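S.K.: Based on the hints, put chain B in the right spot on chain A.
2 protein chains.
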Amino acid sequence: MASKAVTIENLNPNIIKLEYAVRGPLVIRAGEIEKELEKGAKKPFKTVIKANIGDAHAMGQTPITFIRQVIACVTYPDLIKNSNFPADVKQRAKDILKACGGGSVGSYSMSQGIELVRRHVAEYIEKRDGHPARWQDICLSTGASTAIKNVLQMLCNKIDGKPSGVMIPIPQYPLYSASLAEYGLEQVRYYLDEERDWGLDVAELTRALKQADKTCKVRALVVINPGNPTGQVLTRANIEAIVKFAHENGLLLLADEVYQKNVYAPGSEFFSFKKVMREMGEPYSSELELASFMSVSKGYVGESGLRGGWMELVNLQPEVQAQLYKCISAMLCPTTLGQTAVDCVAKEPAQGEESYEVWSREKAAVLASLAERATMIAETFNSMQGFKCNVVQGAMYAFPRIELPEKAIAAAKAEGKAPDVFYAFRLLEETGICIVPGSGFGQRPGTYHFRTTILPQPALLRHMLDSFKTFHQNFTKQYS
Amino acid sequence: MASKAVTIENLNPNIIKLEYAVRGPLVIRAGEIEKELEKGAKKPFKTVIKANIGDAHAMGQTPITFIRQVIACVTYPDLIKNSNFPADVKQRAKDILKACGGGSVGSYSMSQGIELVRRHVAEYIEKRDGHPARWQDICLSTGASTAIKNVLQMLCNKIDGKPSGVMIPIPQYPLYSASLAEYGLEQVRYYLDEERDWGLDVAELTRALKQADKTCKVRALVVINPGNPTGQVLTRANIEAIVKFAHENGLLLLADEVYQKNVYAPGSEFFSFKKVMREMGEPYSSELELASFMSVSKGYVGESGLRGGWMELVNLQPEVQAQLYKCISAMLCPTTLGQTAVDCVAKEPAQGEESYEVWSREKAAVLASLAERATMIAETFNSMQGFKCNVVQGAMYAFPRIELPEKAIAAAKAEGKAPDVFYAFRLLEETGICIVPGSGFGQRPGTYHFRTTILPQPALLRHMLDSFKTFHQNFTKQYS
Numbered sequence: 001m002a003s004k005a006v007t008i009e010n011l012n013p014n015i016i017k018l019e020y021a022v023r024g025p026l027v028i029r030a031g032e033i034e035k036e037l038e039k040g041a042k043k044p045f046k047t048v049i050k051a052n053i054g055d056a057h058a059m060g061q062t063p064i065t066f067i068r069q070v071i072a073c074v075t076y077p078d079l080i081k082n083s084n085f086p087a088d089v090k091q092r093a094k095d096i097l098k099a100c101g102g103g104s105v106g107s108y109s110m111s112q113g114i115e116l117v118r119r120h121v122a123e124y125i126e127k128r129d130g131h132p133a134r135w136q137d138i139c140l141s142t143g144a145s146t147a148i149k150n151v152l153q154m155l156c157n158k159i160d161g162k163p164s165g166v167m168i169p170i171p172q173y174p175l176y177s178a179s180l181a182e183y184g185l186e187q188v189r190y191y192l193d194e195e196r197d198w199g200l201d202v203a204e205l206t207r208a209l210k211q212a213d214k215t216c217k218v219r220a221l222v223v224i225n226p227g228n229p230t231g232q233v234l235t236r237a238n239i240e241a242i243v244k245f246a247h248e249n250g251l252l253l254l255a256d257e258v259y260q261k262n263v264y265a266p267g268s269e270f271f272s273f274k275k276v277m278r279e280m281g282e283p284y285s286s287e288l289e290l291a292s293f294m295s296v297s298k299g300y301v302g303e304s305g306l307r308g309g310w311m312e313l314v315n316l317q318p319e320v321q322a323q324l325y326k327c328i329s330a331m332l333c334p335t336t337l338g339q340t341a342v343d344c345v346a347k348e349p350a351q352g353e354e355s356y357e358v359w360s361r362e363k364a365a366v367l368a369s370l371a372e373r374a375t376m377i378a379e380t381f382n383s384m385q386g387f388k389c390n391v392v393q394g395a396m397y398a399f400p401r402i403e404l405p406e407k408a409i410a411a412a413k414a415e416g417k418a419p420d421v422f423y424a425f426r427l428l429e430e431t432g433i434c435i436v437p438g439s440g441f442g443q444r445p446g447t448y449h450f451r452t453t454i455l456p457q458p459a460l461l462r463h464m465l466d467s468f469k470t471f472h473q474n475f476t477k478q479y480s
Numbered sequence: 001m002a003s004k005a006v007t008i009e010n011l012n013p014n015i016i017k018l019e020y021a022v023r024g025p026l027v028i029r030a031g032e033i034e035k036e037l038e039k040g041a042k043k044p045f046k047t048v049i050k051a052n053i054g055d056a057h058a059m060g061q062t063p064i065t066f067i068r069q070v071i072a073c074v075t076y077p078d079l080i081k082n083s084n085f086p087a088d089v090k091q092r093a094k095d096i097l098k099a100c101g102g103g104s105v106g107s108y109s110m111s112q113g114i115e116l117v118r119r120h121v122a123e124y125i126e127k128r129d130g131h132p133a134r135w136q137d138i139c140l141s142t143g144a145s146t147a148i149k150n151v152l153q154m155l156c157n158k159i160d161g162k163p164s165g166v167m168i169p170i171p172q173y174p175l176y177s178a179s180l181a182e183y184g185l186e187q188v189r190y191y192l193d194e195e196r197d198w199g200l201d202v203a204e205l206t207r208a209l210k211q212a213d214k215t216c217k218v219r220a221l222v223v224i225n226p227g228n229p230t231g232q233v234l235t236r237a238n239i240e241a242i243v244k245f246a247h248e249n250g251l252l253l254l255a256d257e258v259y260q261k262n263v264y265a266p267g268s269e270f271f272s273f274k275k276v277m278r279e280m281g282e283p284y285s286s287e288l289e290l291a292s293f294m295s296v297s298k299g300y301v302g303e304s305g306l307r308g309g310w311m312e313l314v315n316l317q318p319e320v321q322a323q324l325y326k327c328i329s330a331m332l333c334p335t336t337l338g339q340t341a342v343d344c345v346a347k348e349p350a351q352g353e354e355s356y357e358v359w360s361r362e363k364a365a366v367l368a369s370l371a372e373r374a375t376m377i378a379e380t381f382n383s384m385q386g387f388k389c390n391v392v393q394g395a396m397y398a399f400p401r402i403e404l405p406e407k408a409i410a411a412a413k414a415e416g417k418a419p420d421v422f423y424a425f426r427l428l429e430e431t432g433i434c435i436v437p438g439s440g441f442g443q444r445p446g447t448y449h450f451r452t453t454i455l456p457q458p459a460l461l462r463h464m465l466d467s468f469k470t471f472h473q474n475f476t477k478q479y480s
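These protein sequence lines are chains A and B, in that order. Note that full-length UniProt numbering has the first sequence beginning at 1, numbered continuously upward. Note that full-length UniProt numbering has the second sequence beginning at 1, numbered continuously upward.
To be clear, the hints were calculated from the coordinates, so they are not data collected in a lab. The structure presented is a predicted model; accordingly, all values stated were derived computationally and were not measured. One or more hints might be untrue.
[As the list claims (entries may be wrong)] Dumping the calculated DSS-like pairs for lysine-lysine here, alpha-carbon to alpha-carbon at most 25 Å:
1. A/K149 with B/K17
2. B/K149 with B/K162
3. A/K363 with A/K261
4. A/K149 with B/K94
5. A/K90 with B/K90
6. B/K244 with A/K4
7. B/K17 with A/K244
8. A/K4 with B/K98
9. A/K17 with B/K244
10. B/K98 with A/K158
11. A/K46 with B/K98
12. A/K35 with B/K162
13. A/K17 with A/K4
Isolated chain A (complex conformation) (with noise of 0.2 Å):
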C-alpha cells in the first residue's frame, strides 16, 4: 500500500492535542450504547440520558411558539398570507424577508449579518444595560462558538517571538482549551474558587498572569458569566475587579455571556461587562476592549441546532474591527434562519402585541422549571455522601465535587484512565446517564469533579439522580 499523503505523523498537530470532552469519547460511547438499544441489546437500562451536553430541546424542552413562526413564515412565505399566524408573526417575517436580497431568506446577508436584526440586538442590549449600542460593532454569527473563535484568531502570532496566551477560567468551557490548542495559543489557567461558589479572584489573576508572563505574552483575558460548567453568576463587585485587572493589564475582554437569561437563586442577578465597564466611568468606559458574546442555543429557547448568536464589539481599535470584519467576510454569512431566531430573541413580543401572552407564558414555564431543576439536582447531590456540590446560580449546569476511594483510583490508573473519566464510564455502562468528567473542563489536582446538565425534565431527572445515588453507593462499596 502506497502511503498516504495526510497521516497522523504529518497531520497538524495542533488538531491532534485538540480536545473538546463534551463530544469526546464518552459520548460516543453512549451514542453506541443508544444503536446496541436499538437492537435490541439487554441493559440494566431503557435509555441513554444525555446529561453531557446545553441541549434543551433534545431533552424535551418545547420551542418557544414565537420564533418556529417566524422562521415558518421566513421559509415559506404563503403563510404570511394564508395562515392563522397571529398579526405580529406576520408582520415580523414580512420586516426580516424585506431586509433580505431579493426579499428571500435564501439570500446571503452581509458577513456581519442582516441590518435590522444587528439594530434589534443593539436595541436589547440598551435595553438590558440602560446604555447606548451601536449596531455597526453587531457581528451575527453561526452560534457563539464562531465569534469567539474569530476573535481569538486575531492573537494567533507571537509577539516578541513569545506565543501569545489567553486567560481562561478552570473549570473552562472546553471550546476555548480547543480553540487555544487549535490555533498554537497558550492556555493560561486560572482557578475559580470553590470553596466561594466558584467566585473570581483577582488575587488568582494576579497570579497566574505573573507566572505565564515567563512563557508567553498574555494577551486576552476569558470570563464565562453566568459561568459554564460551574453555574456561579459574578457579582457586580466581582465584575467591577475583573474590568479593572484586564484595564490594568492591557487585555482583550472575551466576556462569554451566552447564559445571561438563565439565573435562578434568588440574589442572583446578571450584570453585563458592558453595563459594568460603562458606569465604572473612565478610563475604563472608552478604553477596556470587550467582546461579549450571546446564544440563541440557550436561555429559555434552547435552538441549539439553528446556529444562531452574535458578539458586540466594544473599543476596539477600528481599523482592528474593520479587518476582523474582513476576516468573517470570507465565510459569507451566518444562516439567515439562525439571523431570524436571533432576531426574535432580541426583540421579544411587546405587551399588547398579539404573540405577547402565549411568549411570556412559555417563557416563564421554561425559566420556572430550569430553576426547580437546579435546586433538586444541587439538593440531592449534596444528600449523597462524598458529594459537594454548589448552588446552580445560573446556567444550565451542575459541577460537583465527589471523592473517590482508593481503589478506585489505582483500578482507574491500572485502565489508564483518569480517575473521573474511568467514573463516568462506569455510570454510562450501568446506568445510561451520559455525564462529562472534570478534567473535561480542567480541575484542582487531586479533586475530581463531572458536569451534568440540568435539562432531563423533571420526571427523568429524578429518576437519573435516583440510578445516580444507587450507582455512586455500589461504586464507593465496590472500591472501599
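M.R.: Frame of chain A; chain B shown alone:
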C-alpha cells in the same frame, strides 16, 4: 489615550494578508451607493446590480417549493398536521424530525450531521456515480466553505522546516487564497489555459509543483469543477490526468464540485472525481485521497442563506479522518435547517410522489434560464470590441478578458489601483454594476479580466449588458 490591547501592529498578520475580493472594497462601496440611492441621491442609474456574488435569490431566482415546505414543516410541526402541503413533504419532515434529538430541529445534531441526511447524501452520490459511497464518510457542513477550511487546516504545519503548500488554480475562487493566507499555507499557483476554454494542463501542474518544491512542501491540490470564476467543465480525460498527477505526487485532492448541477454547454458533462478515480481502477481507486465538496447554495437551488453543504472523504487514513471529525466536534454541529435543505437536494422527490411535478418544473425552469443567460452573456461580451469571453460551460460566472487602453492603465497607477480594479470602480460609479476585478481571482500578469455572475434575470441582464457596452465604449474613448 491608553494603547490598545489589539492593534494593527500586533494583530495576527495572516488576517491582514487575507483578501476576499468577492466581498472586498468594491462591494462595500456598492453597499454605500445603495444607501445613497435610498436617500434620494441622483445617479446615472436607479439600482445597483450585484453581479459580484453567486447569490441567486438576491437576483430574483425563486426558491424551490418542496425545500421551503419541508423546512417550514420541520420548524413548525403543526403544519404536518394542519396544512395542505403535499404528502411527501409531510413525510420527509416527519422522517427528519424523527432523526433529531427530542424530535426537534432545535437540538444539536451529531457534528458530522444527522445520520439520516448523511445516508441520503451517500445514496445521492451512489446514484450519481454508479459506485458505492459510505455514509460515515459524508460530513455535513455549514456551507461548503466551512468544510473546505476544515480540510485545509489539517495541513497547516511545517514539514522538515518548510511550510506546507497547496496547489490552486489561477484564476481561483478567493476562499482558497484567503484560507491559505489565514492558515499560513503557501499558495502554489497553476494557470488554467484561457486559450483552451480554461482547460487544465498537467504539464502546467508539473511546472508549478517543481517550482514550489524549493520553498514549501506541496501537500494538496485544489481543483474547481465546474470552474469558478471560469465556467469551464473539465473533460473526463482531463480529470483522469489530474487523478494520475495527484496520485503520483502523493497529494490530497480537494475537488470543489459545488456547481455539479450547473452544466449548460452542449457536449459538456459533469464527472465527479470520485467516479473517475473509481473507474480508473487500481492504484487510484483505493489510494488517492480525496475530499469532495458540495453545497445547497448553488445548483438550481441557490439557497445560499441557509448555509448547507457536505463533503465526502475518500481513502483518508481512518485515524486522520477521526482527527478531522474530532476537530469539527468543538463547533458542535452544522445548522439543522441547512441540513434539511441538504436532505432535499440529496433526495429529490421521486416520480409518482406528490411534489414531483412541481419540483421537476421548477428545476427545469431555473436550469433552462441559466443556460440561456450563460449563452447571452458570452455572446454579448464577444460582440464587444476589446472583449474576449470563453463559453460559459457551467457554474454561474463569466470571466471575460478585456483590453484596457494604455492611458487607462496609467490613470489607474496614478490612483494606486490595479488597472482592473480601477475599471471596476468606474463601472460601478457610472452604471451601478458591481463585478469583481480579475486580480481578486488571479490572472496572468499583464492580462485583465473580471468576473460577473450570470444571475440577473433575463431582462435585467439584457439591460446590464447594454449599459456595460455603453460604459466600455465611453471608457475606451476617454483613454484612447
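S.K.: So which of the earlier hints does this model not fit?
M.R.: 4, 7, 8, 9, 10 and 12
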